[in-house]
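Kindly produce the complete structure, drawing on both the sequences and the hints.
Residue numbers -19 to 143, in this note's numbering, belong to the letters of the sequence shown in order.
Keep in mind the hints are simulated off the structure, nothing from the lab.
The C-beta atom is built at its ideal place from N, Cα and C for all residues, glycine as well.
One or more hints might be untrue.
Below, simulated EDC-like cross-link-like pairs (lysine to aspartate or glutamate); rule was C-alpha separation at most 20 Å, straight line [what the hints assert, rightly or not]:
| id | residue 1 | residue 2 |
| --- | --- | --- |
| 1 | K110 | D63 |
| 2 | K83 | D143 |
| 3 | K98 | D63 |
| 4 | K110 | E70 |
| 5 | K67 | E77 |
| 6 | K105 | D68 |
| 7 | K98 | D143 |
| 8 | K67 | E53 |
| 9 | K78 | E53 |
| 10 | K128 | D143 |
| 11 | K67 | E91 |
| 12 | K110 | E136 |
| 13 | K110 | E91 |
| 14 | K105 | E70 |
Here are the computed distance ranges between Cβ atoms for each label pair [said to hold, decoys possible]:
| id | residue 1 | residue 2 | range |
| --- | --- | --- | --- |
| 15 | A74 | I111 | 40 to 50 Å |
| 16 | Q96 | D71 | 15 to 25 Å |
| 17 | I127 | V107 | 21 to 31 Å |
| 18 | V116 | A82 | 43 to 53 Å |
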Amino acid sequence: MQECWGDTVKVLSANGLSSAALALMAIMPVAWAEERVPAAQPQVSESPPSAQRVEILEYRIEGANLLSQSEVEAAVYPFLGPDKNLKDVEDARAALEKAYTAKGFQTVGVEIPPQQVKGGIVTLKVVEGKIGRLRVKGSRYFDLDEIKDAAPSLKEGTVPNFD
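This is how it looks when you write it as structure tokens:
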């Protein structure tokens, strides 16, 4: 299921919030800890932070303005569900960024902002690199405005599309 409010896209898995308690485990790195045991038994270490497993129920995508909801959902949906870790979040980030690149938006990046994962919700932030100013120099035979009009994807304030 997917819902959208403004520029935030919310992607939910089919099993909803049934395992929200599992999602309270933080995906963000934590200190390694060792358990002290009697000498007869070997020491047991906790799994490294990247190996911690949680259920990811939802990706909240902030700033996704250039792709449709279905395109965003198709990119991150494979990374929802139980038994996920930080690598799965990174893979979701990379898949969403790849979806933008495939549509010609090469100046768009996707970040994983610092966060506490609560209730199985992971936030990804889309950063759209927009044209700040377009200057044309050295044109003696063509009108500068006509040159700018010939390249609408390079209009100031827009995200360039290289397709």
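Hints, verified against the model:
Between K110 and D63 the alpha-carbon distance is near 37 Å, which puts this suggested pair outside the 20 Å criterion. Between the alpha carbons of K83 and D143 the distance comes to roughly 7 Å, so the proposed pair stays at or under 20 Å and holds. Taken as a hint, the K98 and D63 pair is honoured in the structure, with Cα atoms around 15 Å apart against an allowance of 20 Å. Proposed proximity of K110 and E70 is contradicted: the alpha carbons are some 24 Å apart, above 20 Å.
Distance restraint check for K67 and E77: the Cα-Cα separation of roughly 15 Å lies within the 20 Å cut-off, and the hinted pair is therefore satisfied. Distance restraint check for K105 and D68: the Cα-Cα separation of roughly 16 Å lies within the 20 Å cut-off, and the hinted pair is therefore satisfied. Under the criterion of a C-alpha separation no larger than 20 Å, the hint pairing K98 with D143 is inconsistent with the structure, at around 38 Å. In summary, the hint linking K67 to E53 is supported, as the alpha carbons are separated by about 18 Å, within the 20 Å threshold.
For the hint pairing K78 with E53, the CA-to-CA distance comes to about 13 Å; that is within 20 Å, so the pair holds. Proposed proximity of K128 and D143 is supported: the alpha carbons are some 17 Å apart, at most 20 Å. About 14 Å separates the Cα atoms of K67 and E91, which keeps this hinted pair within 20 Å; it holds. For the hint pairing K110 with E136, the CA-to-CA distance comes to about 7 Å; that is within 20 Å, so the pair holds.
For the proposed pair K110 and E91, the alpha carbon gap of about 16 Å is at most 20 Å, so the pair holds. Simply put, K105 and E70 have alpha-carbon atoms about 12 Å apart, close enough for the 20 Å limit, and the pair holds. Between A74 and I111 the beta carbon distance is about 25 Å. The supplied range of 40 to 50 Å is therefore violated. Taking the beta carbon of each, Q96 and D71 are about 20 Å apart, inside 15 to 25 Å as hinted.
The supplied range of 21 to 31 Å is met by I127 and V107, whose beta-carbon atoms lie about 28 Å from each other. For V116 and A82, the hinted distance range of 43 to 53 Å is not satisfied, since their beta carbons lie about 29 Å from each other.
The structure shown violates the earlier hints numbered 1, 4, 7, 15, 18.
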